[in-house]
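Q: Let chain R serve as the given structure and place chain U on it in line with the hints.
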Amino acid sequence: MKKKNKPVNIAKAAKTTSLYIIVTGLVAIILLPIYFVVSLSFLSTREAYRYPLPLYPALETKFELTHGKRGYLLSVYDRVESEYRTIKDTSDLEDMSLFMKYQLGTPMTVAEIEREVARLETQDVIRFSHRRNLLSNYQTFFKVTRNAVPALTRSLQICALTIVISLSIGGMAGYAFARYIFKGRNALKFSVLFVRMFPGVAIAMPMVIILADLGFYDKPMGLALVYSVGSIALTVWITASIFMGIPVSLEEAALVFGATKLQAFRRITLPLALPGLAACAMYAFLGAWNETISAIILTQFNPTFSVVVYQTLIGATGQVNLAAAGGIAMALPAIVFTFFIRRYIHQMWGGVTV
Amino acid sequence: MPREWRRAWGRATPYLLILPVVLYYAAFWLRPVLDAVIGSFTGLDGTFTFENFNMVFQDEHFVPALKNTAIIVIFSVTLEFLMALLLALIINRKFFGSGIFLFLAMIPMALPAVAVGAMWSTGLTAHGWINSLRHYLGFTGKVYWLAGSELQLLALIIIIDAWQVIPSVMIILLAGLQNIPEETKEAGYVFGGNYLTVLRKITLPMLKPTIQTAVILRLISAIQIWLIMVILLGFSRLPVMVERVVFYHDEVSNLEISRQMALGYTIIVSVIVSMAALAYLQVSGAFKREAEEVV
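Just so you know, the sequences run in chain order R and U. If you use the working numbering, the first sequence corresponds to residues 9 to 362, in order. If you use the working numbering, the second sequence corresponds to residues 782 to 1076, in order.
Simulated from the structure, these hints should not be mistaken for laboratory data. Ideal Cβ positions, reconstructed from N, Cα and C, are used throughout, including at glycine. Among the hints, erroneous ones may be present.
[Unchecked claim] Chain U is faced by these chain R residues, among others (derived, beta-carbon under 8 Å): (1) I304; (2) V317; (3) L321; (4) T346.
So here's chain R without its partners, still in its complex pose:
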């Protein structure tokens, strides 16, 4: 018996191995670009412009200090060339400190530099290393990029408004589609889907005038109204399938015990639907957070965060490491929320029950 099974096991093992090879390869291809942008967003400005780029960010910078013509000669260890490179000759320690902070992402106070300089009294060459500030690109991005912080706040406002509008309006309709059979149900449900597929850019252009009339042009509320068009449709479909999954008999039981319909909904159905509704909220958030083209068209002086990052990317002035930091800041909520809504992934594709 055992002998007979052996060749089968080998075939099975080969199959499993090849499966894992393919899966590993896929994971590598998916993660490689993401890894490099994350790594780039942690590199110092100096290293971000080195070629070839270092493969990973350094946790500390190694310095070499000696006497120079104009004062102190500062060299920094180059990880690509594996040697010290002279980068600055100055007697102004203030200047040196600023250079370390902005070019090398290594914040060292003047007092700290003075302490190292003092050692030069007895030695010709001294070497020391200092911890890097890994988040320096992110801090600089938000400090340097005009509008980045207010844009971030605005984007969050827009997302919150979109969630409120789409969950309240879409949730009601979703409940109706799940619990009632009525004339025109199918036609209505699919009309909603059609609206979702319709290109957003087509409503953004005329919305300029409509929102201006309402006083919402270039305001968070204006964009929230536009984004809700798409996310209401998604909410209708997701909530309909959520409410369908909650047995009517539970509500009926509550009615028997004397609850009103509204109470039955609030005390029984709503708590059960909460995880699904949370997923809806995250979808609405992502839809509003990721969108760019309507935001370009519908804002003027008050862009969203995605427009700010877009402008950094197409502008010639943006440094690559700062652009990377902006891109990662943009990507972070998407990755986190995807983790929570991964069970509802089908809905992203139009909410079709296949």
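A: Below, chain U without anything else, positioned relative to chain R:
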């Protein structure tokens, strides 16, 4: 009397629950869409005209934009679908770590377009991370990715799009595959079918609804691709339909005809997308009569 009232109320409830959506869509979808259609047929003097579309058709970038969009849609959707199907068929079973793998595969599609733009714009420059990686792997010389011919650039865009889309389409197809009962396939083997005949006669036909969903929805988003080109190449270098809308609305917004041009392009994109959307609704059974649906 109160009883009839109550019954009428009961019948009206679903409509009342749906009413907010209908009103919302009337105000913030139907009205702007009508405005766009009317605007695209209105000349600068405010009268009805076909001149806007004439101008769009005569725009030197119209034909290239249409052609590039068509090439991207046809090739990227085909390539992505075939690759995704192949991968889904290979991976179609539970394995150690499959949960994490599926989560990772969802990420590219969930990323905002500007983040994807940041990824490739820092990678594809001469001193970017892709050339650096090649350097570490022992290749000498740099590849000037963004200096290629139009065809090479199109291929580049299609590959970038494939990176973003294949994992997600694969997940959709995997879900579809997992819904096919094992017994059906076993029956195929019992009656003497080999892997290929079972695939062709049983698996693929049963997967058809999933495939249609994935392909048409991909089609709709591929038609609207634009941001990656603008971030990598700037405007007008590799024109596509939606890129033209942003170009006229944002880049040259001061021309007298900017708005007309942008609206014209918008309407053309909308018509194309709507046809794809209607095809989608058709295959997903939207136009079936109600009676059939209840069954």
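Q: Please check whether L321/R passes as an interface residue: C-beta within 8 Å of a C-beta belonging to chain U.
A: holds (5 Å)
Q: Is the interface hint for I304/R satisfied, with its Cβ closer than 8 Å to some Cβ of chain U?
A: For I304/R, the interface hint holds, since the closest Cβ of chain U sits about 6 Å away, which is under 8 Å.
Q: Please check whether V317/R passes as an interface residue: C-beta within 8 Å of a C-beta belonging to chain U.
A: holds (5 Å)
Q: Do the numbers back the hint for T346/R, that is, is its least Cβ distance to chain U under 8 Å?
A: holds (4 Å)
In this structure, none of the earlier numbered hints is contradicted; all agree with it.
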